[in-house]
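So you can see what is in the structure, the chains are spelled out below.
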Amino acid sequence: MTTITDTRLRRPAWSAAGPDSVRRRWIRLLLVAMVPLALFYFAWLLQPDRIGNPVLYVLLLGAELFNACQALGFWWTCSRERPWRRSEWNDLPPAVDVFIPVYDEPVAVVEPTVRAASELTGAEVTVHVLDDGDSDEIAEMARRTRARYIRRAEHEGAKAGNINNALACTDAPFVMVLDCDHVPEQHFLEATLGCFNDDRVAFAQTPQYYANWDRGEVPAAAWGQQALFFGPIARGKDGHDAMFCCGTNVVFRRVALLDVGGFPTESVTEDFELSIALHERGWRSRYVPEVLAHGLGPEDMASYVGQQQRWSRGCLSALPTVLRSSLPLRQKVQYALSASFFLSGWTVLVYMTFPVVRLVTGAQPLASTTADQFLGHFAPYFGLSLLAVTVLGGGAYTFKAFALQAASFWIHVQSTVLTVLGRRGSFVVTPKEGVEGRQPRAVAPALAAIAVLLAVAGYGLLRDRDPATLNNVAFASLHIAVLLAGVVPALRRRPLAMVAPRPHPVPT
Amino acid sequence: MTTTPTDHRTTTTHRPRRHTTPPPRRAPHPARSRRESAVRVGRLAGEQLAVASGQVGAGVGNLLFALVAARLLAPSAFAELAAFLALYLLIHVPAGSLSAGSALSPELAAHARRRALIGGAAVGGALAVLAVPLGALLDLSPLLLLAAAAAAPTAPLLALDRGRLYGLGRRTRAVASLLAEPAVRLTIGVAFAALVGAVGGAIAVVAAGWAALAVAQLPPGETAGRDAAERTRFDRTEAAPRGGAAAAPSRPQTGLAIAAFLLLAVIQNQDVLFANALLDGDEAGRFAVLSTLGGAAAFATTTVPLMLLPRAGRDALRAALGVAVVLGLAAVAVVAVTPGGLVSLVFGGRYEQVGALAVPYVLAMALLGVARVFVAHACAGDRARRAVLVLAPVALLHLALIVALGDDAAGVATATLISTTVLTAGTAAIALPRPLAVRIPREAVWVAAIALGGLVLRLLATRGIWLDEATEIHQAQMPMSAMLENLRTIDVHPPLHHIILWGTVRLLGTGELAVRVPSLIAATAMIPLIYAAARDIYDRRAGLAAAVLASVAPFAVWYADEARMYAVFMVFALLAVWMQVRILRGGGAGAWIGYVVAAAALVYTQYFGILFVGTQQLAFAVALARGAVPLRRYLAWSALLVLLVAPLVPFALDQFSANESAGRGFQQPSQAGGSVEPGAAPGAYAALTNLAWAVLGYHSNATMTALAAMWPLGLLLALSLLGRGRSWPTMLVVACALAPGVALFVLGQLKPFVFEVRYFIGAVPLALMLIARALTSWARRPAVVAGACAAVAAIMGLGLADQQLNGSNPRVYDFKSALSRIEARAEPGDVIVFTPQYLDHVVAYYEDGGLKMQPLDDGLPAPRRGHKLFLLASFQDKPQYRSAAQDAVRKLSRRHELVRRDRVPQILTWEFRR
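Chains as they are written, first to last, in my numbering: chain B, 1 to 508; chain P, 1001 to 1914.
What the hints contain is simulated information worked out from the structure, not anything from laboratory work. If you're wondering where the values come from, they're calculated on a predicted model, not measured in any experiment. Note that beta-carbon positions come from the ideal geometry of N, C-alpha and C, so glycine has one too. Just to be clear, a hint being listed does not mean it is correct.
[Said to hold, decoys possible] Some chain P residues judged to face chain B by a derived CB distance under 7 Å, without partners named: (1) Tyr1685; (2) Thr1705; (3) Ala1709; (4) Leu1715; (5) Leu1716; (6) Ser1720; (7) Arg1726.
Throw the hints in and build the complete structure from the sequences for me.
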């Protein structure tokens, strides 16, 4: 017996499968109940006599409407979830080229992926290591594992360019893309190739599972966010024929890729823009809700911030493309919802501003209302929204995931500004191994927000202790608590393991 | 020289105490052994009863002497003699603990006699020297003090020698010594009292003591040989099973045994001493009567442990326990027949009210008798140290309870009952032989300690009787059929709690604490119950955290101190949910029985309990749809539940129609916080207020407003629950905690008063369990979990302190203080007028001084010249009662002199003199 230390070789602790039909019906009922509650709240909020300070009111309304659109979009997406049944490839095992792009990652990270890819069943597999790092060690590893090694002379177009280069060097009818840290299950292709029985399907996406979710608070929280996406959202998008490619753990039909000229190299989220292009050309996509590959999520705050900056820059810059596209309305809205999600940091900023302004100047967005009235209209909508996230997310989306997202509000603000200014982002590979030590710079804007909120709350309490002040101090405390929960992992010297590491014995 | 730790029972360094016969090598045949054991128990019980009869005879003789003296002597002379007798007892009771030592180790009597004589003589000498000043201080004749001084040397000697007789098994001589005292008192004492007065009686009492000592010290006669022979037989049969030749107890063991019996004497007597200091004259007198009555029960069993001490063994324990229990129960039974009548007969009609407390107090003394047996058994079995470790804290607890509850005789009696109950349980735990004793895991000790802490908190947090309590106490004093008819026609509650209170009133009386005993028991039992439930549903940590939170939960403490159904409601709701979880986990008949009984009891306790049961039935429906519960089994048990609840339906319908036709309204205090309009349909703020009450308790309007303003922290709580609570037991607990409140919130839009946490108070223990689960599962590190639990418990503790101590708490209606102040100033012929009219029961509860009372609605009476009229007004936040009180004050001010105006929480009083 031996013990496994690589978390990617463990069994997954999560299932992407959807609920059974009875549960799905209950969930739909829940989602239907949400709509009147949202209307009830907004009908109250939009009454003219609610307007306090007009500027603040408009900000509040904007934030609330944005979040309501996102929430409605979420419920709408999830409500179209269709039951998944795996189908078999109905012909002789096809040839599949497996692309594993590499860029300076250690051999220890890449080798398990290459070895596992070599053992894929259900197709004639050829594994290609696409090395943009020009590493002789990777070349030696490829030789050792009998994988084909492709090195470019010029490294243009980052990951997209690397894959396009490999496309030109290969000819199998199907192409599978794996990030170098994603170790596939042996039956990966058996589970996905059936989707291509339909000639209109361009690609089949599978979940991006973070096998290292228990290595610290950052991967755990990041995984919480991923699980919500690759759970109910991805299943719902599949129901809307709007699942987009996520860059790894995906199988393409070569013809479809060639039809749109391969991966777009101008974007930092090439997968997102590729999906738009494919859907525009009438191709379809499929989502396979099975964990078929085990990857590594960001293990420290700097890695997480880098990843989020890349995603938000890419998606926000793709927003005009989405709006200009000739996609059917349903798909267009789905893409718009996904891309605009990275504006949600603005709403966090707006909400944080209100107690600060109220405690310092006395101005507030709402007038002639009591907390009783506000809560009476807001609490049911808010409460049921949280319940829906919990139920739909299967409990994977936790407070820590929410807090990490809220504490990253500044990334969305920064990305919006940079996108509006037309600054181009560069493709930054998410580090596969965490760095020990405190990383306060990665959360500096959130720390600054905490400091401001603390100062203002203290000032408010010193000045007055009437119920209105206490209420705004409580609001400030709410934001402080959420932000603190989000930034604390960056302030720890060592990551706090979420579950005591328990080696899995395997037979030798 | 080195020493080796050895078991002193087997080492040869100690002289064998009983005999040197080796233990039998062959185990006796089980059937024969059982038969022999039964014979032995019977014989030992007979011996015990013989000596106890002597003791009872001595007690009756001494009582007769007192009664004869009471008739012979003038009242003042009898009072002097009674004071002398009290002093005599004061000397003899502590010295009596020496009996334990010499019974355990008879040779001690010979060794210690000289020292005891010197000690007694020293005390006597001191008394003699101080006779004049002490006499002046105590208002006693110095001659009586000199008599007491003459008695002092007999106290330790008599104790030592009687103990020696018990230890040697010389019961005939022991009985003779016991009876010698009353014999001398009833002959010489009566004659002397008749001739010389109190001093003569006192001299005879001293002479009786010396006579008893002389009898005890007479050389052994023929009976001694028989006793000794019997004792040898006993030693062969009893000591051997303990594992070999028994050895004499070591000196420290004997000393510890004396200490243990001294502590028992403290527990037995400190209540009367402290009652005298804490209570006013009349109340102290009432307790003295009670103590005398209870003392008789304790006196009857005095010899039982002393006889047991030298006879450690299971059979001797059984015999002693049997005798102690029989004597104790007999005493309780005698008193229970007609407590008031008995007290009147013995002590006079003015003490008749004490009768209501007689049964519980005699029961307390009976328990003390049983505890003494356990202590004796522990001392005989080398566990004297453990006995002392149990007795010392119980003595302290007793003292603390007396101080905390000692507002009246009932409070002191309750303190004694609680202490003797704890004492009996504690001493049983250390004394029972292993096959009988349950091995107590450490965690159970923790839970017991938490529960004990919770009990003390509940006992300390006292307040006066509230309106609804007074009404229910009034109803509970009716005959059962009348009470049920009263409930059916003019009340709105189901009958279970009324029936419990009906029994309580008959058993314990109508004292404040007595009527709250069921609530106190329920709210304290909730602590181990919530531990067991949370441990079963979640894990050990959640169980312990839930127990800690329940011990300080302000609501649990508040309703422990209210003679209403809410504490019981909480317990039944918790039990019903726990049992349902067990059923859904595949529990058997036990879980079903528990569920059906708890659910039915819930409905019989409060009609709103139907909301809990309804929620649970919905959960069953889901479980049935998923096949988690067999349909047949569900139908069978549900049918039983329906059968149990069915008799309540016509009762409830009668109540409903009676109330509808009478058009009776409902008055409730304003207690929702400044931002909630009384009578308005509940909104989100009312929901928040109820939530704050449930977790943090009742507070002043200002505090509630501030707490409610912090509602954004509720959003934080909601966010922190993201992704959590998806296990089905948690969902069930959440549903049962929320659904009744939501239902009443909806109903509250039509009938606002129903949305009040009291009516879905069953949610409180469930919420505590969920909080405990959240606290113990959010973090993994024990230190963090412990810190979080401590922080939440501290916040609840702060809430509890504010709830209990802040006079602005709008739930506190201090009728007790208001009426006691009136009583202190009132004289016969004065009148109390009160408003609103429905204060009648609470005014009647507290006003027992014979004042005339009437509601303001009946008009303003005109007291006779020189007499006073007290106006008492409450619910002054209600305009109609405020204006009625103001009008009355205006009218009275025209014709009367306003002497005084007083205010206690929620009550205003005016004193007018004509």
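These are the hints, each one checked on the structure:
no.: 1; hint: Tyr1685; verdict: holds, 4 Å
no.: 2; hint: Thr1705; verdict: holds, 5 Å
no.: 3; hint: Ala1709; verdict: holds, 4 Å
no.: 4; hint: Leu1715; verdict: holds, 6 Å
no.: 5; hint: Leu1716; verdict: holds, 5 Å
no.: 6; hint: Ser1720; verdict: holds, 5 Å
no.: 7; hint: Arg1726; verdict: holds, 4 Å
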